[in-house]
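For reference, the chains in residue letters:
Protein chains: 2
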Amino acid sequence: MVRERLKGFLKVENIDVALNKLLNRVRVKVDEQQVPICDAAGRIAAEDVMAPHDYPPFDRAAVDGYAVRSSDTFGASPSNPALLKCVGTIDVSVIKSRISALGRSPGLREGEAYLIFTGAPIPKGADAVVPLENTIVRGNDILVLAQVPPLANVSRRGEDFRSGDVILRKGTLIMPWHVAALAQANISHIKVYRPVRIAVVNTGDELVEVGSNEPGIVNSAGPLIMSYAKLIGCEVVGLGIVRDNIREIKEVIERGLNVADVIVITGGSSVGSRDVVPEALSSIKGAELIFHGVNLRPGRTAGAYVINGKPVLMFSGLPVACFVGLEVILKPLIYYLLGAHPPPKVRTRAVLTRRVVNVIGYRSFYRVRVFRGNDGRLYAEPLRLTGSGIISSLIKGNAILIIPEDIEGFDEGAEVEIELIGTID
Amino acid sequence: MVRERLKGFLKVENIDVALNKLLNRVRVKVDEQQVPICDAAGRIAAEDVMAPHDYPPFDRAAVDGYAVRSSDTFGASPSNPALLKCVGTIDVSVIKSRISALGRSPGLREGEAYLIFTGAPIPKGADAVVPLENTIVRGNDILVLAQVPPLANVSRRGEDFRSGDVILRKGTLIMPWHVAALAQANISHIKVYRPVRIAVVNTGDELVEVGSNEPGIVNSAGPLIMSYAKLIGCEVVGLGIVRDNIREIKEVIERGLNVADVIVITGGSSVGSRDVVPEALSSIKGAELIFHGVNLRPGRTAGAYVINGKPVLMFSGLPVACFVGLEVILKPLIYYLLGAHPPPKVRTRAVLTRRVVNVIGYRSFYRVRVFRGNDGRLYAEPLRLTGSGIISSLIKGNAILIIPEDIEGFDEGAEVEIELIGTID
Chain A
1 MVRERLKGFL KVENIDVALN KLLNRVRVKV DEQQVPICDA AGRIAAEDVM APHDYPPFDR
61 AAVDGYAVRS SDTFGASPSN PALLKCVGTI DVSVIKSRIS ALGRSPGLRE GEAYLIFTGA
121 PIPKGADAVV PLENTIVRGN DILVLAQVPP LANVSRRGED FRSGDVILRK GTLIMPWHVA
181 ALAQANISHI KVYRPVRIAV VNTGDELVEV GSNEPGIVNS AGPLIMSYAK LIGCEVVGLG
241 IVRDNIREIK EVIERGLNVA DVIVITGGSS VGSRDVVPEA LSSIKGAELI FHGVNLRPGR
301 TAGAYVINGK PVLMFSGLPV ACFVGLEVIL KPLIYYLLGA HPPPKVRTRA VLTRRVVNVI
361 GYRSFYRVRV FRGNDGRLYA EPLRLTGSGI ISSLIKGNAI LIIPEDIEGF DEGAEVEIEL
421 IGTID
Chain F
1 MVRERLKGFL KVENIDVALN KLLNRVRVKV DEQQVPICDA AGRIAAEDVM APHDYPPFDR
61 AAVDGYAVRS SDTFGASPSN PALLKCVGTI DVSVIKSRIS ALGRSPGLRE GEAYLIFTGA
121 PIPKGADAVV PLENTIVRGN DILVLAQVPP LANVSRRGED FRSGDVILRK GTLIMPWHVA
181 ALAQANISHI KVYRPVRIAV VNTGDELVEV GSNEPGIVNS AGPLIMSYAK LIGCEVVGLG
241 IVRDNIREIK EVIERGLNVA DVIVITGGSS VGSRDVVPEA LSSIKGAELI FHGVNLRPGR
301 TAGAYVINGK PVLMFSGLPV ACFVGLEVIL KPLIYYLLGA HPPPKVRTRA VLTRRVVNVI
361 GYRSFYRVRV FRGNDGRLYA EPLRLTGSGI ISSLIKGNAI LIIPEDIEGF DEGAEVEIEL
421 IGTID
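Those protein sequences? They're chains A and F, same order as listed.
Under my numbering, the first residue of the first sequence is numbered 1, with each subsequent residue one higher.
Under my numbering, the first residue of the second sequence is numbered 1, with each subsequent residue one higher.
Incorrect hints may appear among the rest.
If several chains are the same, the list does not tell them apart, and a pair holds so long as it fits within one copy or across any two.
Stated by the list, open to error - Below, simulated BS3-like cross-link-like pairs (lysine-lysine); rule was C-alpha separation at most 30 Å, straight line:
(1) 11 to 124
(2) 11 to 85
(3) 85 to 124
(4) 396 to 191
(5) 170 to 29
(6) 331 to 285
(7) 29 to 345
(8) 396 to 170
(9) 250 to 96
(10) 285 to 96
(11) 124 to 331
(12) 21 to 85
(13) 11 to 331
Calculated directly from the structure, the hints in this document are not laboratory data.
All of these numbers come straight from a predicted model, not from anything done at the bench.
Between the sequences and the hints, there should be enough to build the whole structure, so can you do that?
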């Protein structure tokens, strides 16, 4: 009987195919919420936001200098400076006066210049700014040491954003510069998606919670999943440890479905005497098995059900296998639910210090330690390990080498692309 | 007079030298706090944490299979299988019994095998595990189809962590796998540094807060700095907008020094008629000017004071110049205060579509748009812009090209290294 169950796992599914099937079957509505822009960074935009008006709202000085008629500087040079009369100062504070804000600041006539500061509106009649460093002050006059073409050092109205330009696209991870652009456009609140809610269940008769004095294996997958989910912006509901009992597992999953968008459950989905999670899930009304067994190493026991549109992910309780499931299945799922792209990975190239092999058909996740050699090149040392429970491989290592399913391995000395998960000493 | 002030800026300081001077002068004590491990990810460890005991605490099965004496499998092959008698099952749940947890599970004699599941203790007398897929079940007997050497598929006691091994090093950014390793070692709480507190002040007679109906320039640097600081894990105290008035600025800085570890102040530190921030800072008892004017483009007006050990950073109120200051000065400062390394940047190489030039001696931050060409290569298109106020360059762009101070520029077609700040379409 055990043998029969195992056979199911030997026929693993390609992870990309499996994940796509899952994404196509989930139906989760993640609501929007209005937040002040200063709380928006790190969230996902739930609306397109357009510039409501041109920015800058008027032609403005891009440097500190003198606003001039460019034609007055024609031919100016250090040996033949143009002499202009300084008739006043325009500071950004003039913007507080509604009149000057419209660029109807004091006019400028031939032979005249205004001292002007960065950001201040270009006065009527001027069409360029001579940078301060190209001028010499002579009492109320200035000497211009270099000619400026029309529009030199002028930031044009609408140069930053024209009315209707996209400031923020729905599905974008909001960064500090988006917040600055929203502020600049005088937009104080925007719609973001609420965090995806993830319920976490860990099954296993052998498990005890961290801090317990009872004998047993401490639940490490639970804290791993909860920490991971929080770091990618999710809200976490910990449903604790459940015994390997179909009725109890079914009950806790049903509880999870009531409070969360996504359920992650570990343990009890491997081969063997305690293959209870799939049985418990199958017994829930509307449950649909999407996949069980994927070509990940470690992590091949991963599986997924969808119940009334909500995904229920089954991962190994062994921490490294579980981590691979989080990276390859949970993270893309979360960003999919938010209509967003995951942020780019930190990748680099390094030279392998040792041969690594792959089982053809599997996508293998090797933990490697990357270091800079005396020759200045980056090297990646694959960490020796057995099984998928050796969490120290992620701690002693600082990067992951992913070997695709069609590659048998890489030789010592090969340059490979790796994903950094820590700093390089 | 204006001309005199400007001269100070033309003599800019090398940013690395300036930053080092700052780091050497700050004296900020960031306290520790004890947190449950599930709240620790994303924080900086404030203590070294060692494994309190070996993990695994006993030799355990690294796969599902049969625990055997390896000598009993000698010479086994599909055409000449070894016949063993299955005398029982060892599941991880046996660990709950204190006796079996110590590896004193049922003994195994010559010619015998136990069905064993991943993570379960290897029984006395056994020294290897034959994976299930290399066996055939025949009633109570099993046929072993391949020999196993001693210790095959056995995860040795202490293989993951030996007692005293470092799980987490002081100054490490805590990641989910650290949390898993702490849980596994039954460590429920650890010490982390409390968030660094940053007070933000924005000066400028022209400024209004976002959402205001008054004429003026909306304060965008404030929301930029606050969002940036929160994303790197800081606590933010917004002290709002202050007029260009030395007394008012001095008062608000003194307030900031009482509540925060670091003050960031924008505006009023450029050349020109409103050079009030340095004056206000200089008037505070114990204030020491560390630098003012650095070789950053944009961002050369950045400066720093230290007052009673606390850093006060002066940045431009123009958003792109301010952002460069945050990246190059604030971020390294924060990680320095926590004794930590900043997380690695997302870098990639791309081919320039257009020549870019640098002013020798300056470190220039070009915003570029990276895209994948039809030939599959990555290209970087430098964005045209004037001045340091064009925030859309960070939104239309998705990467930054930093040109070092000793490089005159890069030609069209040159392959350059860039830092990604968004996703590549």
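How the hints compare with the structure:
1. 11 to 124: neither (76 Å within a copy, 34 Å between copies)
2. 11 to 85: Between copies only: 28 Å across, 86 Å inside.
3. 85 to 124: For residue 85 and residue 124, only the intra-copy Cα distance (16 Å) is at most 30 Å; the inter-copy one is 100 Å.
4. 396 to 191: between (41 Å within a copy, 21 Å between copies)
5. 170 to 29: within (15 Å within a copy, 41 Å between copies)
6. 331 to 285: Within one copy, since 27 Å is at most 30 Å while 51 Å is not.
7. 29 to 345: within (27 Å within a copy, 33 Å between copies)
8. 396 to 170: So residue 396 and residue 170 pass the 30 Å test across copies only (15 Å; inside, 39 Å).
9. 250 to 96: between (65 Å within a copy, 23 Å between copies)
10. 285 to 96: neither (65 Å within a copy, 33 Å between copies)
11. 124 to 331: Neither way: residue 124 and residue 331 sit 55 Å apart in one copy and 42 Å across, limit 30 Å.
12. 21 to 85: Neither way: residue 21 and residue 85 sit 74 Å apart in one copy and 43 Å across, limit 30 Å.
13. 11 to 331: For residue 11 and residue 331, only the intra-copy Cα distance (24 Å) is at most 30 Å; the inter-copy one is 49 Å.
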